[in-house]
Structures are given as structure tokens and as C-alpha cells.
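Colleague: Here is what each chain is made of, one letter per residue.
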Amino acid sequence: MYRNLGYLLAIAIAAAFPFLVPNNFFVHLAQIFAYTTIAVIGLNLLLGLSGQMSLGHGGFYALGAYGSALLAGSLGWPLLFSIPAGVGVALVAGILVGLLCLRTRGLYLAMATLAFGFIVEIAAQRWTSLTGGTMGLFGVPQLDFGNFRMGPVYFFWFAAAMLLLVQIGSDYLFASRYGRRLQAIKESEPFARTIGLNVPIWRTAIFALSAALAGLAGALFAHQSGFISSEAFSIRLTIGLLIATVIGGLGRSYGPIFGAAILIGIAETTAALHEIGLLLYGGILLTVILVFPEGAIGLAGKLIPRKTAKAPPRRDAEEARSALVLPQAKGAALDIVGVSKSYSGVVALSDLNMSIRPGTVHALIGPNGAGKSTFINVVAGLYQGDKGTISIDGKDVTGTSAHARARLGLARTFQNLQLIQGVSVLDNVMLGVRPERGAPGDFLAWLAGGGHERGERRRAEAILEFLNISHLRDLRPKDLSYGHRKLVELARAIAQQPSIMLLDEPVAGLNAQEAASIARVVSDLRDRGTTILLVEHNMDFVMGLSDRITVLDFGHRIAEGTPEEIQKNPDVIRAYLGTDEAAA
Amino acid sequence: MTNFLQLLVSGVAMGAIYTLTAKGLFIAHLATHRLNFGQGDFMMVAAFLVMALLIAGVHALLAVILVVLALCVMGYLLERIAIRPLDALAERSTPYAWVLTTAGIALILQNLVELVWGGSAQYAPPLFSQSRDSVVIVMGVGIFVEEIAIIVVAFLVVGALYWFLFASRWGKAVYAVAFNPEAANLLGVDVRGVIVLVFVIASVLAGVAGVLIGPLVSLHPHIGLVFTIKALAVASLGGFSNPVGILIGGLLFGVAEAFSNYWDSAFGDLYPLLFVLASLAIKPSGLFGERHADVR
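Line by line, the protein sequences give chains A and B. Quick note: the first sequence uses my numbering, first residue 11, plus one each step. Quick note: the second sequence uses my numbering, first residue 4, plus one each step.
Extracted from the complex, chain A is given alone in its bound form (with noise of 0.2 Å):
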């Protein structure tokens, strides 16, 4: 609810800003503040949230400015048409130069980027019979409503308007499940596809969101004096807007509107400095990310104390699980099929076939470099195999991605846990969380206020419950002990509700008090249906939980049967303790 009065109360505020301040050009301040805040909160998004370099943002700005600027004025369309078509230029100029990010990423993005907008300055430089090159294009139309003397104050309402939808976007992002993915994406991306999340479209979509940020922001700039000259969109531009980006607060969603006040106030107030203007610019730069990485949102919170998360008491372990009742899972049967895989003529999986049941608990065991994490990773779609097939319940999913294999009920925890870092246990927890609205039920309920995710939270309290670490909820992993950290990897996956899990060495490095705890668990998903694809080195576990064990050695199957059969069989006992020809 305080979310909303602080709409309200900016809406008042830009509403009675032209009457409260001495003379024009302060409306003129206010018009830019308003614009390339829209432009640095789409780098924030970008940058803050998705961890996606763009060094080319003034590309797209330009891009914006000039689409507009041309339609309006050359081919004489109305502004309230221009201007959503220069966005759209800019829009799909992101999504091609966010294609790139489909398949690659960091570095290449940021060289990139680099390169697109190195490429949009020179091309409004060169091509003067469009774009005026550096003498810029004269008599674009003003955005004043037809009335010339209130024009300025129209046009900042307009572009404070702007900025407000913008912004609540901005705080929808940031906290909603979408905000929570794009972490997820960009601390790991095995973890986001195992999710069920689709990485490349998710990293274009939000570059290209940003990129269209960045021409709505250019657009308006546009139209603001009536002139506009490829001098305005060099790399200055971008990194200024990237300094407006850190300098307020990265990854904060009110960091921009810091940001942008703060480089406003520079850029005015160095104004006289101009021959020493790239000194300061990168001085500056220099200073906040060495010296203020968390901008000033983060000096702000560091001024005021924050109060601590307090943890409620543990709860007695019986009474504890009482609290979820897992529901009943139908469990799918899992069929591998002459499955080979080599890395650069190093076979790790050699013509491997498995048949797991429905709702049984499978185990894969073997010595270390036998295979095993080739395999699930095979399995769950984040290696391709060699040959062979694999099906889920007889659907044939060989070719399907691991996003894919997610959606149809495979979840899979991490033997290097994969847990993300920038969001609190409970949001961990939810990621796994199916939504129960669509977006925009659940922008709606959002603005509304109070019972946003209430379900989902709900369900991801119970899971914690359930494994009795709901005393952790607020902590980050980081600040959790190894077993506590497992404990949360598996309640994620335990959230997606899946139909096959794959668990990674679910007790490797645990003590026996808590692997114990952990096959409590594993044999109540069993119960309820899952169907369980186990690989250990841990044999007590293994041995107490197992229906059926594989036994893997140099990428072969060497043994196969229940536990008693697979504890006598002299092929294990050589593969695991050697011959004794060998020992002697």
C-alpha cells in the first residue's frame, strides 16, 4: 500500500512541479531527468537483473531518436504514432543484437553492444541525407500538444508520465517471479534450465526490453527541442547512461531515478569543465565502482540500520513434519536406450540402457569417473547424448531441451549446488514453485497490494516446513552450513512438484544424523509416487533406499539388480575393492 501512496505522491509532485520553480529551465531539467531515467532504468533491468553487459545503448537511444524524429518530420506522422514506431525500431534492433545472446553471453555481448553502437554513431555521421550527420536535422516536431507557450510543461507531464508507467514495471520486475528468474538466470544457467526456464529467450527478451527503453527514452529526446544531431549519441551517451546506472544503485529498482538525478547534477555542474569533461566522467566512474559499488541506494541503506531477519525457533522435527502432507505425484517411467556419450574420443557412457519404473527409487552407483554425472546430466538434457534415446512415460524427449524435460516433470538437484546467491532461501524455494496466476492475474494482484503470491509463498513455507529448515527462509545460501544448503536445493526441487527426480549425490559430505533425514524424505517421495533416479557413493543409503541398482564402470554396465543381488555380485566387488590378482 505505501508502494502506491508513493505513486500517488510522484504523480503530485510532477504535476506541480512547473508551477513551483522559478523559471523554465528548471522544467527543462525536470524534461530530461524524466526521459533518461526511462533509459537507465532499462540498463538497470539489463545490468541489475539479468547480469547482461550492453556497452551499445546510446545505439538504441539513437535509434529511438532518429526513427521518430523522421517519421514525424519527413513523412509527417502525428507523434503519438512516431513515437511508439521509433520504440519499435529500437525494439527490434534489440532483438537482433539480442540474438546474439542466444548463444553467447558476458564478453561477446559487451563487445558486441560495443560494436552495434560504434556502427548506429558512425552510420548517423555518414548517411547525412538522413540523418543531418553531425549538423543535425533541423524542424523535428516539437512534442508541445499544440499549445507552443504551456509546450515545455505538456512535454514533461508527458515524459514524467512515462517514466511512472515505466517505474512501476520496473517494481513489478523486481518483485515478482520475473525478477526472481532473471537472478536465477544470471547465476546460473544450468539451474535456470532445470527450472524449466527458457535461457536464450529470456536473455533476448529482457535486452530487448531494455533496448526499447532506451529508444522510448531517445524518442522523447527526440522531440523535446526540435533538433537532434548524431554529435548528441556517442559513447558518451552510453556511458554516461551506465554511470547513472551504478552511480544510483544497481539492482535496485529505484537506483535509476538516484542515478539519473545524480548525473543530471554532474553534467550541470561541470558544464564549464567541458575540456576535462572525459576526466571526470571516467574519475567518476572509477570512484563509484571502486569505492560505492552499491551506489547510492547502498550509502543510504548503510546510513539507516536495517532490521535483522529474526529467525523463529526450531521446531521439534515430528511436529514439523506433520506440517505438509507431500501430495501424490504420478510418477512417470523413465526409459534409456543405448545411450553413448564421448567427450573428444573419451568414452564416458558406452551403449547404456536403464529402465526406471514409475514411483520407484533407482539408484546408479560406481566409481568415481564411471559416468554417472555424464549420465544425469544426459538425462535431465543439459548434455546432448551421442546416440540412444531416452523417453519419459514412452514420449521420446532424446531431442528436447532441458527446459523442456523440466515442464514435463523432471527435476534434478546439483551435486555442485546450484542455489542463487542474490535471492533469499524462500525465493530459492519458489523458483521451483509452479504460478499459480498468469502475468498479468499477477501484475494485478501486485498493484493491488497484500496478496501477491500468497499461494505460491505458502507452498514454498510448507516445503521448508516439511524439511524442517523453515527457520532459514529470509537467509541467503551463503550464510547456510553445507547440509542446510542441500536441504534447500531438495526443497526446491521437491517445489516443482516433478514426476522423475534426479538427485546428484543427495548426502555426499553430510553427517549420518543428516543423511539419515534426507532418506526419511526421499523414501516419503517415494511413497507418494516420484519416481527417483538416485546416483551416490554413500552405500548405507543407497543400500537402505534402493529398489533397483545400476552398477556403472568406465561408462559400462556392468551389473544390474536389487541391492542384495548387486552386494554379491563379484564383478561390483572387483570394480569397486579390485582383484586380488591386482591387490597382490
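Please keep in mind that the hints were generated in silico from the structure rather than gathered at the bench. Treat the hints with caution; some may be incorrect.
What the hints assert, rightly or not - The calculated label-pair distances, taken between Cβ atoms and stated as ranges, are:
#, chain 1, residue 1, chain 2, residue 2, range
1, A, Tyr17, B, Ile84, 36 to 46 Å
2, B, Leu92, A, Leu109, 43 to 53 Å
3, A, Gly448, B, Gly196, 52 to 62 Å
4, A, Ile314, B, Leu92, 19 to 29 Å
5, A, Ile314, B, Tyr126, 23 to 33 Å
Even glycine gets a Cβ: it sits at the ideal position worked out from N, Cα and C.
Position chain B relative to chain A; hints supplied.
Modeller: Frame of chain A; chain B shown alone:
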């Protein structure tokens, strides 16, 4: 035919410059997964320094030595100011903070050069020949002496780099750090030293490129960005992991650029760049690169 050979030599000369600059990006990225987004600006600074020394009457060899030493110091300072402090910040640090810190240094360098030498274009005296337009006649075609000298020197430097990487103990240390810094540390490799070393080498390579390029182009303080972009493009052709790929990619890029500039003087310099961007979309790990993934 005349044009063809001249363009080819010019292209190979520029390609050699791109290769040198890109090798600097490659070696820093190899060991640290970071690189200097001001690599082109380091090159620009070296070009201005050598120009100033030559005009002041310093002997060419001494000028080159002084500039290389200056770039060593710059590489060291870059690591100290823009790279090392980020490790202390650890998870508080911004994603890709190194992109922004090194770019920040580049902005400062541009501004300093502009303050000293002004913003207008400058022409550096040639290093190897009597005048900027001395030619030798090869197969009846006039070829610039300066370009040939550039090609020879660049190849010598690339050769020295390969010797360093593949035959020296330090080269092994670089690869050890690239593979796993913690393990390298346990094996007695001075990880911090290697990191400083790769940034110094990267900086020196930019310096050599700057010394060589001075007489080929008109210098101004903002020339660096273009070279950073092109060096990044060349390094990504080699997948940032394959030094031979970078050599081939750099030469191809230079030659392609020479011909496309000849063909379209207005936008010719953009086509090779667009080609690289398109090829990245199709083959993201570079034309010569490999990629590894391991999920457990």
C-alpha cells in the same frame, strides 16, 4: 593488379596491427577472464608518445624503447587501479565491473592526450623510411616501405609472444592460472605476478601496435575506440582462446577491410565489423575457438 597488390599489403599491415592489439586482449583474457576495454587507447597513447619523441629529435630506437617502458608502467598501473581492487570487493562488485573500470581509464587517457596535444589530427613521422610515402618497387608495383616494415616487425613480435606462451616457463604459468588460479597457487605459481604480467604484456603489445601505426594514419585522441572494437572483433574470431585463430582472423580482417574500403569509401570500414557480428551469431565461440562446459 597494381591496386590489388597495394591493397593486399596495406590490408596485411593493418591486419598485423589488429592482431597485435587483439593478442593483448587474448592473453589478458586467457589468464584472468578480464581484459582492457581501453586497449585501443593504450595504443593511441603509445602512438602519441613516439610521435612526440621523434619530433623532439630522439633517436628512433631510443624512442621505441622509452615508449615500451612507458607502456609497461601503464599496464602495471591498470592492473593495480582497475583490476586488482575488484577482487577485494568480491561479491559487492558490479557485474562486469572490469569493463567499466578499464573503460574509465580509457576516458581519462583520451582526455589527458587531448589536453597535451590538442583535439585535432596529427601526423607522426615515419619510423623506418625517409618520408611517409617512400616506396619500393615490387613486381612493378610501388609498395610503402613503412607497411612492409610494420608487417615484418609485427610478425617478429607475434613470434616472440608464441615463444613466450608455448616454450617458456612463464607461458606455462599463464596457462596454469588460466586453467585454475587456486590450483596454480597451490603448485607454487605466483598468481598475482602472472596477472600483473599478462596486463603488462597486453599493454606492451598495444604499445608496439601504437608505435607501428603512428605513420600509417592520422592520429587524434579519440582514435582508440575504433581499434578496441576491431581488436575485440578479431579476438572473438579466434574465440579468445586460440592464438593462431587470432593471427589468421586479424590478417583476414585487415585485408577484408582494405578491399571493402576501396569498394565503398563511405561505409567500407563497417562491413568487416558487421560480418564478424553476424558470424558470432552463427558460431558464437569464434571461427577458430572451442568451448568447454562442465556441469556437475
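Colleague: Using the C-beta atoms of Gly448/A and Gly196/B, is the stated range 52 to 62 Å upheld?
Modeller: holds, 56 Å
Colleague: Indicate whether the distance between the beta carbons of Tyr17/A and Ile84/B respects the range 36 to 46 Å.
Modeller: Holds: the Cβ-Cβ distance is about 42 Å, inside 36 to 46 Å.
Colleague: Starting from the range 23 to 33 Å, see whether the pair Ile314/A and Tyr126/B falls in it by beta-carbon distance.
Modeller: violated, 58 Å
Colleague: Can you let me know if the beta-carbon spacing of Leu92/B and Leu109/A is within 43 to 53 Å?
Modeller: violated, 33 Å
Colleague: Taking 19 to 29 Å as the hint, is the beta-carbon distance of Ile314/A and Leu92/B inside that range?
Modeller: holds, 22 Å
Violated hints for the displayed structure, listed by number in ascending order: 2, 5.
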